[in-house]
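Place chain B on chain A using the hints.
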Amino acid sequence: DQQVKQNSPSLSVQEGRISILNCDYTNSMFDYFLWYKKYPAEGPTFLISISSIKDKNEDGRFTVFLNKSAKHLSLHIVPSQPGDSAVYFCAASIIQGAQKLVFGQGTRLTINP
Amino acid sequence: DTEVTQTPKHLVMGMTNKKSLKCEQHMGHRAMYWYKQKAKKPPELMFVYSYEKLSINESVPSRFSPECPNSSLLNLHLHALQPEDSALYLCASSQTDRGSSTDTQYFGPGTRLTVL
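Line by line, the protein sequences give chains A and B. With the first letter of the first sequence counted as 1, position 26 gets the number 39 in the working numbering; the numbers rise by one all the way through. With the first letter of the second sequence counted as 1, position 65 gets the number 774 in the working numbering; the numbers rise by one all the way through.
Since the hints were made in silico from the structure, they are not lab data. Computed from a predicted model, the values in this text were never measured in an experiment. For every residue, glycine included, the Cβ atom is placed at its ideal position computed from N, Cα and C. Certain hints may be false.
[To be verified] Here chain B is said to cover these stretches of chain A; the calculated rule only asks that three of the stretch's residues, wherever they fall, bring their Cβ under 8 Å from a Cβ of chain B:
no. : segment
1   : 56-68
2   : 96-108
3   : 116-126
Just chain B, same shape as in the assembly:
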């Protein structure tokens, strides 16, 4: 099973709303990632969690708040977002946070977020 699941598939929210994106994997991976992908652009790394601890924050605004409650789950809490935050949010996981040609990142299908 190489599946990473993400919910919801689509989310529309206003600028004053608080919402959360959820990501789950059951592959025993210990590293999990959040990426943001704008239309016609490549995915851009936002956060990396390794063994449930935040190891990389790519200078993401505080209106995005990640959380890793256990090794299988990764959340992204959203608050006071701007319309320019509308994008596809991708979650990924890998066995470790070191990466190698045999330890690759597996991606979920993404959550399409629209901020009005």
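Next comes chain A alone, as it looks inside the complex:
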């Protein structure tokens, strides 16, 4: 039962343009959502998060949008840079005894010069 889904395994974007990564979830009990970035041979690096009571959070070039009615969130990166090329994981947080993060499958983002 995949509670967090990233339906696009890969995305290719021109440098300087906007990258939009999408994530869908099924469990309405998730209390906040996060995006992590992962380079090969490294652990996931936290990028940005959003509480379930908000609909937008912005940090520099990164903005996360949450649509609770659609159970959908997206990460916008603008402008995209070559160093943004990585795998991006969407994660959802739920407290069941302690915090659990449930990850999506990941989207490989490639920024082309």
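Only chain B this time, still in chain A's reference frame:
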């Protein structure tokens, strides 16, 4: 310092071996986590320690045995593993086990485990 370190980086072991993975953080975090990540799959939670006590075990087989000797250290003892246990094992830590948009999990680089 937001670093979580893990040793070794790579480990190859036979099915009869006993080995241990080590994770360390010096951020004063009181919650530590073990995740398993298979190729082309997302990380999956295995264990959560909070204040050095095991608070979550995600029905992990007993051939994986976690240990938290102090608030900075987390070990994962491995015994009689199967080839399907080959994966990247990730450690993470956070200030508390409650989580919030300002209390996020920081991950180590992982240990790449191969079971022959």
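Structure-based check of each hint:
Restraint check on the segment 56-68 of chain A versus chain B: 7 residues with Cβ-Cβ distances below 8 Å, three needed, restraint holds. Against chain B, the segment 96-108 of chain A contributes 3 residues with a C-beta closer than 8 Å to a partner C-beta. That satisfies the three-residue criterion, and the hint holds. Under a criterion of three residues with beta carbons nearer than 8 Å to beta carbons of chain B, the stated coverage of the segment 116-126 of chain A is upheld, 4 such residues being counted.
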